[in-house]
Amino acid sequence: MKRYREFREFFSNPVFYVVAGIFLALSGYKFYSLLVSYIDFMNVYPDYLAGTEIKALMGINVNSYLFPRLFGFYSYLVLISVPILNSGIGHDRFCELDKLELTASGKTELDLILRKIFTTVLIMAVILVPTLLYPLMTSVFTKVDYGIILSSYAGLMLLVFLSSCMVSPFSVLKIPFAVSIFMNMIILFVLYLYFLGPVFDPFMFGIVRASGLLFILILSSALIFISERIYVSTRLFA
Amino acid sequence: MKRALFIILMFIGAFLVISFFVMPEYKIRILIAFALYLVVFGFVARSMFHYSVSKKRLRTLSLYVVLFIIACAVSIFFLGSRTLSSYKLDLSGGKRLSLSPEAVSYVKELKTDVEIIYIRSVNNSDDNSLFNTLMKEFSNYTDRIKYRSIHPVLNTIEYNEIKNKVSSASPGGFVVIVGDNTSYGNKVSEYEIINAVYSAVVGKRDVCYSYGHGEPALDDYSERGAAIFANIMYDKGINFVPVGYALWDRCAVLVMADPKKDLTKQELKKLLSYDGVFIYMGGTRLTSIRELFFDIGVSASSVPVNNLKRSAFREYDGGVLIDKVSDHPMFKDVSGGIVSSDVYELKCSDCQKLAAVSGDTDSDNKPVLVIKNNVNIFSGENVSSNFFMRFSGNVQFLSGLMNFTVSPDLAFYSSLRQDEQPQLFAVSPRYLDIIFIIVVFLIPIVFLGLSILRR
Chain A
1 MKRYREFREF
11 FSNPVFYVVA
21 GIFLALSGYK
31 FYSLLVSYID
41 FMNVYPDYLA
51 GTEIKALMGI
61 NVNSYLFPRL
71 FGFYSYLVLI
81 SVPILNSGIG
91 HDRFCELDKL
101 ELTASGKTEL
111 DLILRKIFTT
121 VLIMAVILVP
131 TLLYPLMTSV
141 FTKVDYGIIL
151 SSYAGLMLLV
161 FLSSCMVSPF
171 SVLKIPFAVS
181 IFMNMIILFV
191 LYLYFLGPVF
201 DPFMFGIVRA
211 SGLLFILILS
221 SALIFISERI
231 YVSTRLFA
Chain B
1001 MKRALFIILM
1011 FIGAFLVISF
1021 FVMPEYKIRI
1031 LIAFALYLVV
1041 FGFVARSMFH
1051 YSVSKKRLRT
1061 LSLYVVLFII
1071 ACAVSIFFLG
1081 SRTLSSYKLD
1091 LSGGKRLSLS
1101 PEAVSYVKEL
1111 KTDVEIIYIR
1121 SVNNSDDNSL
1131 FNTLMKEFSN
1141 YTDRIKYRSI
1151 HPVLNTIEYN
1161 EIKNKVSSAS
1171 PGGFVVIVGD
1181 NTSYGNKVSE
1191 YEIINAVYSA
1201 VVGKRDVCYS
1211 YGHGEPALDD
1221 YSERGAAIFA
1231 NIMYDKGINF
1241 VPVGYALWDR
1251 CAVLVMADPK
1261 KDLTKQELKK
1271 LLSYDGVFIY
1281 MGGTRLTSIR
1291 ELFFDIGVSA
1301 SSVPVNNLKR
1311 SAFREYDGGV
1321 LIDKVSDHPM
1331 FKDVSGGIVS
1341 SDVYELKCSD
1351 CQKLAAVSGD
1361 TDSDNKPVLV
1371 IKNNVNIFSG
1381 ENVSSNFFMR
1391 FSGNVQFLSG
1401 LMNFTVSPDL
1411 AFYSSLRQDE
1421 QPQLFAVSPR
1431 YLDIIFIIVV
1441 FLIPIVFLGL
1451 SILRR
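Line order of the protein sequences matches chains A and B.
Just so you know, my numbering puts 145 at position 145 of the first sequence, and the rest follows in order with no gaps.
Just so you know, my numbering puts 1306 at position 306 of the second sequence, and the rest follows in order with no gaps.
So that you can see chain A by itself, here it is in the shape it has in the complex (with noise of 0.2 Å):
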C-alpha cells in the first residue's frame, strides 16, 4: 500500500493525524453520552411497568438504543471528513502532479480517480479501526449483537466509498483547496439529508438491502464516469 504515493503523504501529514483525533473524541463522546442516556433510561424501567410508557420501552435493548444512534452520527462526521481527506486531484493537479504521473507513468484518469477514491476508503477504514473498541467495551457488560455491528460498519464504509465518489466531481477541478472543501460538504449534507438517509439507514439496524447495494453501485459508477468526463474534458480545454 505504501508505494501509493497518497499513503505516504496520509501517513506523514499531520492533517490526517488532526482529522483522526477530532473524529474520535466526537465519536468516543457520542459513545459515552449515550451509554449514559441509556442506563439513565433503564433505571426508570421499573418505575413504568404499570403505565403506557412499557410500549415505548419494548424493543429498546442496547442493540437498538445505542449502536443505530452511533452510526448515525458516525455517518455525519464521515461527510465532513471525506471532502477534506479526497480533496487531493485538485491539489496535484494546482502542483501538476497528475501531468507527471499521466504522461510519464502511463496512467489514465480514471485511474487517478479511482486511486483516489480507493485512499480515502482505506484512510477512513483505518481512522475507523480504534472505533471497535466501543462494541467491544459495551460487550463486557451486556450481549453484543455482532450482525449489527458488521452490517453498521459495512454501511459506513459504503457511505464512505459513496461520499469520495460524490466529491470526485469537484475535487478534478482545478478549484481552490479550501471552496472544493467546502462546496463538497455542502452537497454531501444536503444529498444525505434527503436522498441518501434512507439507503443507508437500514445498515445501521441490521440490514442489507439489495436495492440499496444497487443504487450505490449504480452511482458511484454514473459518477466516476462524469468525474472521469469533467478531468478529461478540463485537461482538453485548458
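Everything labelled a hint here was simulated from the structure, so no lab data went into it.
This structure is a prediction, so every number in the text was calculated from the model and none was measured.
Take these hints with a grain of salt, some might be off.
Unchecked claim - Once the Cα atoms are required to be at most 27 Å apart in a straight line, the calculated DSSO-like pairs of lysine-lysine come out as:
#1 Lys1136(B) with Lys1095(B)
#2 Lys1204(B) with Lys1187(B)
#3 Lys1136(B) with Lys1146(B)
#4 Lys143(A) with Lys1095(B)
#5 Lys143(A) with Lys1088(B)
#6 Lys1146(B) with Lys1088(B)
Please arrange chain B on chain A, whose structure you already have, making use of the hints.
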C-alpha cells in the same frame, strides 16, 4: 449528419426505457435490446468523440453523454430496485427486523384479495410509518394485500363507513377487509396484522359463552357488564354466542366468566366430561368452582391473594397487576399491564403456569393463570368487565388468550423474540469514568500527539 444520428440514438434509448414501463410483459426482451443499444451507442459516441474536430461540438457531445449516462443510471436503478425490493439480508440477532417465517408462509398462500386500511390519528402522531414499513414487507411476498392510510378528518365519509362496519375501529388501529368480512387490529405489529388478516379471511369464529350463573351479560354496558369485551372480540373475529347448560357439549370452545352462583351437580358433571376447550375467567370463591378445578387437578384458593400491589387502582375494589411468567404465544402482543380486581392462587403439579401476581420477590409470584390439558383457568376477577377492559393489557391478553384457544392452527406461533424484551443494563460509575477517559481522551490524544510528532 452526426448530430442527427446522435439525436436518433437518444430517441431510441428513450423509447426503450419507456417501453420497459409500458410493456412489462416484454421486460426481458426490452432489457436485451437495451443492452445491445448501449453497446452500439458506446461505439458511435466514442467515434464521434474522437474524430470530431470542433472543441465546441466536443464539449456539447460530452455534456450529452453525461446527461445520457445519468438518465441510464436513474432508469436502471428504478428498474432494478423494483425487481430487487424483496431481496435483503437481515444480520440482526434473531432476525428481529424480518417477518417471521410463519407469517411469510401464511401471506404467500393467501388466495383472496385483502385490503388493509390504517386509521391515522388526528394529529398524525401515530404508527403510520411503522404500518407502511410492515405492509411494504408483506407486499414483498404477496400481491394479494393492498394497503392505505386514511385520516379521520380529511377522509370523514370513508372513516364513517368503516365505523359502521367495525364499531370499535378508532384512530391508531387498522381494519382488514376481505370481501364482506372485516376484522380490526388496535395496534400496529406483525402479529396483530397477520392475526387480523387471518380473522378476516376465515370469517367470524363462534365461541360459546355460558350464562345462567350471574355471568356479566354481553349486551351490558355498565361497569360490570361484558359488552366492550364482546364488541372487541367480535371486531377481532370472535363471535360470542350465549349458550345454556343444555348446549355446552356442542361447543368447540366454551367461555365462563365471573359466575356469581354455584354450579349444579349436573353442570359440574357435564363440564368434567366436556372435551372441547374450556376457558374460565373469574374468582374461585364459589365452592362448586373449586370442586370442579380440584377434579381437574388444580387446587384453587378460596381467599384472594392479599399481599397485593393495590396502590394503583385503590378507588376500585382493589386492582391487581399480573405479570406473565412464561413466553407463551398468547402473550406475544401483550405490552400493557394486565389488571383485575382480585386474584386467587392456583396450584397444580403437571400444568403450565403462565402468569402470576406481580410481587416484590419470586416467592410472591403466585400463579393465577394455568393451562391443564384443554382447560384454561385464569383466576382474575372482573378482568373482562367493561371497567377493566379500559386497560390495554387486558384487551391484548384476552385477545391472545381467545386467539390461542379458538385458532390453534394459526400461522404465527413463533416463540417470542428475546431481543424485543427490555434488558436491564447497568455499568458502575467507576467503569463509566474509565470508559470516558479511554474513549474521549486517551485514543484521540494518541492521534493528536502523532500529528505533533509528524510536523
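message: Does Lys1095(B) sit within 27 Å of Lys1136(B), going by the straight-line distance between their CA atoms?
response: holds, 17 Å
message: Does Lys1146(B) sit within 27 Å of Lys1136(B), going by the straight-line distance between their CA atoms?
response: holds, 10 Å
- prompt: Within a Cα-Cα threshold of 27 Å, do Lys143(A) and Lys1095(B) meet the stated pairing?
  reply: The hint holds at about 16 Å.
- prompt: Lys1204(B) and Lys1187(B): Cα distance at most 27 Å?
  reply: holds, 20 Å
Pair hint outcome, Lys1146(B) versus Lys1088(B) [Cα-Cα no greater than 27 Å]: holds, 22 Å
field: Pairwise hint evaluation, Lys1088(B) against Lys143(A), where the allowed Cα distance is 27 Å at most
entry: It holds: about 24 Å lies between the C-alpha atoms, which stays within 27 Å.
Against the hints set out earlier in the document, no violation occurs for any number.
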